[in-house]
Amino acid sequence: MEKFHSCKGLVAPLDRANIDTDAIIPKQFLKSIKRSGFGQNLFDEWRYLDHGEPGMDVTQRRLNPDFILNQLRYRGAQILLARANFGCGSSREHAPWALQDYGFRVIIAPSFADIFFSNCFKIGLLPIVLDTSIVDRIFHEVSSTEGYCLTVNLEEQTVTTPSGEICTFDVDPFRKHCLLNGLDEIGLTLQDADKIKVFEEKRRTEQPWLFA
Amino acid sequence: MQTLYDKLWQSHVVHEESDKPDGMALLYIDRHLVHEVTSPQAFEGLRLAGRKPWRLDSILAVADHNVPTTERSHGISDPISRLQVETLDQNCADLGITEFKMNDLRQGIVHVIGPEQGATLPGMTVVCGDSHTSTHGAFACLAFGIGTSEVEHALATQCLLLKKAKAMQVLVEGQLGHGVTAKDIALAVIGKIGTAGGTGYAIEFAGSAIRALSMEARMTLCNMAIEAGARAGMIAVDDITIDYIKGRPFAPKGELWEKAVAYWRTLKSDEGATFEQVVRLDAAQVKPQVTWGTSPEMVTTVDGRVPDPSQIDDVVKRHDMERALKYMGLTPNMPISKIRLDKIFIGSCTNSRIEDLRAAAEVVKGRHIAANIKLAMVVPGSGLVKHQAEQEGLDKIFRDAGFEWREPGCSMCLAMNDDRLAPGERCASTSNRNFEGRQGPGGRTHLVSPVMAAAAAVAGHFVDVREIY
Chain A
1 MEKFHSCKGL
11 VAPLDRANID
21 TDAIIPKQFL
31 KSIKRSGFGQ
41 NLFDEWRYLD
51 HGEPGMDVTQ
61 RRLNPDFILN
71 QLRYRGAQIL
81 LARANFGCGS
91 SREHAPWALQ
101 DYGFRVIIAP
111 SFADIFFSNC
121 FKIGLLPIVL
131 DTSIVDRIFH
141 EVSSTEGYCL
151 TVNLEEQTVT
161 TPSGEICTFD
171 VDPFRKHCLL
181 NGLDEIGLTL
191 QDADKIKVFE
201 EKRRTEQPWL
211 FA
Chain B
213 MQTLYDKLWQ
223 SHVVHEESDK
233 PDGMALLYID
243 RHLVHEVTSP
253 QAFEGLRLAG
263 RKPWRLDSIL
273 AVADHNVPTT
283 ERSHGISDPI
293 SRLQVETLDQ
303 NCADLGITEF
313 KMNDLRQGIV
323 HVIGPEQGAT
333 LPGMTVVCGD
343 SHTSTHGAFA
353 CLAFGIGTSE
363 VEHALATQCL
373 LLKKAKAMQV
383 LVEGQLGHGV
393 TAKDIALAVI
403 GKIGTAGGTG
413 YAIEFAGSAI
423 RALSMEARMT
433 LCNMAIEAGA
443 RAGMIAVDDI
453 TIDYIKGRPF
463 APKGELWEKA
473 VAYWRTLKSD
483 EGATFEQVVR
493 LDAAQVKPQV
503 TWGTSPEMVT
513 TVDGRVPDPS
523 QIDDVVKRHD
533 MERALKYMGL
543 TPNMPISKIR
553 LDKIFIGSCT
563 NSRIEDLRAA
573 AEVVKGRHIA
583 ANIKLAMVVP
593 GSGLVKHQAE
603 QEGLDKIFRD
613 AGFEWREPGC
623 SMCLAMNDDR
633 LAPGERCAST
643 SNRNFEGRQG
653 PGGRTHLVSP
663 VMAAAAAVAG
673 HFVDVREIY
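Going down the list, the sequences are from chains A and B.
Mapped onto the working numbering, the consecutive letters of the first sequence carry residue numbers 1 to 212.
Mapped onto the working numbering, the consecutive letters of the second sequence carry residue numbers 213 to 681.
This is chain B alone, in the form it adopts within the complex:
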C-alpha cells in the first residue's frame, strides 16, 4: 500500500546513503527548470569546477523575475536586472540549454510555461531554484524548490541528495460554492494548519472537490503548498490531467503517448495507503478568503473581521499579530469589507493562467475600477496566455474597465522589476506571499483569488464576490 508520494519517491531513488528509512537518498531528477535569479552562481560554480551539465535535454530555462511587463522592445532599463537576464542568456547559449528568451512568445513565468509546454509530465521529479515549483505537483509530479547549491548539484549530477518527507493528505470533499476557488481552498488550508503546518511533509490534495478542479485550479492549489510549509504538493492523475497534457509541444506522441498514459494512470495513492497526517476540509463551507496580515496564515473570510490581538493568550503569537496589524495599518475588529485598496494585481505563478483571467474578466466586464484605485494591472503568466486572452477579447474587457494589460512575468508578486507598491500602499493581490515588503518596501498585500481581486477593483474595497456576480 503506497501513497502517491511513496511511488514518486521510490521510482527515483538511485542510491540510499544509509539503511535507515529516514536517511538521505540520491534522487534522480527528470526536469530542471532554470530562471535568471537563482542560477548564475550555480553556472559559475560549474565553470570553476570544470563541470558540465549532466543532461541538457532535461533543462528548460526562462527569464521571468526581472523582466519588465511594459514595452520590451528597448530591453531592460535597470542595468543590474539586465545583467542578470543576459547572464542567463549567455549561460544557456554557452552550454546549449533550451531557453525561451524575453521576446519569445513562449516566455513567461517558469511555473506557467512548464505545464503549458508539456515539459511537466506525470511521474517526473521536477526541480527549480524557486519555492513555487510545488505547482507542478498538480501533474502527479514530485516537484519542489531548491537552493542554488542544489541547482548546481542537479545540473552537474542529474540528482539531488534528499531526505524523504512525511506524507500528509489534505482531503477536500464536497462542492465549492459559486465564486469560491482553488485559491480559497489553499488559503483556508493554510489558515487551518499554519504556514509551518506542512513543514517536513509532502502534501497530497485529494477528495471529490479536488477531482472536480481543472488542471489550472490544481496548479493554484499545489503552488500554495509551500505557503503551508510543505516543499511539495501533489494531486493524483485522472482524465483531467491526461486531457490537459495531450498535444502539448513537449508531450509524448503516438505510441509513446499510449505507453505513457498507461503508466501515468498508476500515479495515485493506493486504496488504504496511510498518511502520517490527514487534514479534512468541507468544500461547501469554504468562503472567499482574504489575508489581513504579513503571513499567509493570517487569513480570514471576506465576511469576517480583522482579529483582535488582545484575545490571544500566546505571547509570541500576540506580538506577531500586533506587529502585523501595525505594518498593515489595520485596526482590530474592523470588517474586512471596510478595507479600502490602492492597487490591484492579477498575476503571478499562482493565478495568471487563462482561466484566472477569464474568471476575473467576467467580474469586471461592463464595469469600471473604483476612483480610489490608483493602478489595477493584469500580468498574464506567459506570452501564450496573453495571446489566448487577446484572442478571446479579455484584454479589451480589462482595458475598458480601467486595468493595465501587461507583458508576462513575475511582476509585482515579488517586485524585482519596476512593478511595485509604494510605502503604505494597499494591494489586493492574486499572488502567494503577503510578507512585509514583498510587493515593495512598506507595501501592504492582501492575498485573494482572481475574482475577489476583480471585485475589489470595481468596489474599491473588499467585497464578497458572490454578491456581485
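Here chain A stands alone, though its shape is the one from the complex:
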C-alpha cells in the first residue's frame, strides 16, 4: 500500500449528496480483472456525453463541459470535496481504485458509507470526515477562489485552509499507523498466525460442523 503522510492539493468540489459507487465507477468497467486503469472512467456517465464501454479510447470521447472535474480550474485536483454519505452502494473497491488512479489522494465529506470508507484505507486513499458546517464553508470558499488548495496532515490529523484555519479530524489509530507506514495489512495479520491457529483449533473443537 502507498504511504500517506501529508498532501497539499487542489480541491475539486462535487456538490451532491449520496454519491454512489455505481456513479463513481459504472458496472461495465468492473469486468476488468486488473487493479489499475480505472481513473479514465471515474464518474464515467457524468464526465462524458457518450456512453463508455471498456476498451474505448477516452481521448476520442466527448467530455461533458458541465461536469465539475472537466473544468480547467480543477485539473490536477488531489482532494475531492463531497457531500454526505459519499460512496454508498456496492462494496466494489474499483471505486476507490478509480478515485486514486485519477489522482485523488484525499476525499473530504460530512459522512461516508461504511464499506467505501474502509476500502479507502486499504489502498492508501484518505477519507476525512468533517462537520457539515465546515464542509459547507469549504464548498463556498472553493467555488469563489480559483486555485483553492488544502493542506492535509495525517500525522497531526489536520486540514489547513489557505487562510490558515486548522480543522482537526478523527482517524482510527491503527488505520493511521498503517497509512503512515504504508503497511501491508496481510503481512501484519500473518504475524498473528499463531493466534489465529489457536483460535481456529478451539473453534474446530467447539463447533466442528463449521469445518465439515
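Hints listed in this document are in silico derivations from the structure and should not be mistaken for laboratory results.
A hint or two may mislead.
Derived Cβ-Cβ restraints for the label pairs, each shown as a range [as the list claims (entries may be wrong)]:
hint, chain 1, residue 1, chain 2, residue 2, range
1, B, K378, A, K8, 30 to 38 Å
2, B, A583, A, S133, 36 to 44 Å
3, B, D306, A, G37, 22 to 30 Å
Some residues of chain B that are not near chain A, with every Cβ distance over 10 Å (derived) [as the list claims (entries may be wrong)]:
hint, residue
4, A368
5, H390
6, P464
7, G484
Beta carbons are placed, not taken as given, at the ideal position from N, Cα and C, and that holds for glycine.
Please build the complex by placing chain B on the supplied structure of chain A, with the hints as guidance.
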C-alpha cells in the same frame, strides 16, 4: 446482557489491536463466498505475494454477475465478461476451491446459493466481495460485504481487521397486511431512516412481524440492510431458521446437528440488552412501497404521489430531489399509480427465491402483461430455484402471461450482462438499487416487491396489488 451482534462479534475475536472498546479487532471468518467480479485482483495479489488461501473448505465460489440469462450452451459472448468468469474458474481450479460453474444446476446468485446449500449457518461470520452479503444475516450470522483488498486478506489469513459497529434494533410489531411483504418493510424502514440512517450500525430486525416472516422473507429484509447504510443486518434464530436449514447439503447431520441446534438457539439478543438506537415500525401500517427517485430512500406508498421539491427547505436535499425527478422523468405531485412502465424485472439477490416467484405467479396467473410492456422477465435466483419453479408449473404461468423465463444470475439488477434498460426506459424492478444508470445508462428504476412488479406488469402502470388479488 448482550445483543445478538455482541455475541456474534465476541465469539469471533481472535485478537484486539487496542484496549479501547472502539479499536480495531482481528475477526475470524467462517465462510467466504467468492464471485467473479471482485475476486480476480485478490487472487492475483495472493499469487504475487506467494501466499495461499488459509482454509479452502471455508470458501465457496460461483459466477453470477456476468453470466447470460439466455441460452448458455455456447458460453458467454462478451469476451471481457467471459474472461472474468474463466479467470474465476481457473483460480478455483488452481487452488482447489469449490465452485459451482455456470452450467451446474446449483449455480446462481451467490446470496441465494449460500443459504440454499446450507453453506450459511447460524453463528457464522460470512463475508463476500459484495455489499448484499448482509442477506445471510437472516440466519443470525454476522454477514457483510467487503472490498477486494479484504477479499485477499480473508483468503490469506481467514481473518479481517474490523472496527465494531454500533447496534441498532429495528422493531416491527404487528401483522403485515395482505399483499404487503418483507420488501415493503425494508423500503419503509429506509424511507424512515434514510440510506445513511444505518451507517456505522449493525441492524437487528426483531418483533412479532419479523418472527412471522419465512426465511426467504427474512433474507429479503436483511439483504436491504445495506441500502439503509448498515453493513450487516441480522435476525435471531428460531424454529423457522432451524427448519429451513435441516437437510441442506452443507448443513450438519446426526449428532452434530443436535449439537449445532443447541448452540444456535442461544443466538438471540438477551432480554434487556441495550441498543444504541431503536427504530419502531407498525407492520399493520406498512403499505406496498414504490421508489420514485434515484436512491432507495426516495420512496413512497403505492397510493402516494411523487413529492414536490418546492416543499423542501434543505437546499442540498431539494437539489437532489429535483435532479432525481429530472432523471426519472417524473413531475411533482403526480400519483404513483399514473407511472407507466416499459419493462418488468423479477429477480436479484433481494427477490428471486421460490416464494417470490410463487407470489408473483399468483398475481399474473390467467392474466397477461399489458400492451405497453416491452419486456417482462423472471430471472430465478439459482438453478435449483428455477428447477423447483418448473416442477410447480410457475414457468408456464409466467410464459403464458407474456413473461420471459430466464437462466439464473444477477441479470438486470446491475446490468453487467446483456440484460439492461435502454436510455429512458422505465422498469418496475424487484432488485435493491435505483441509482442512476444502475440497470443500464439512462434507465429508470422503481423498486418494488415481486407482487407489486407482477401487478404492474399486468396493468402496465403501478397499481395497488391489494386491489387486484
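Checking each numbered hint in turn, tell me which of them this model violates, lowest number first.
When the structure is compared with the hints, numbers 2, 4 and 6 turn out to be violated.
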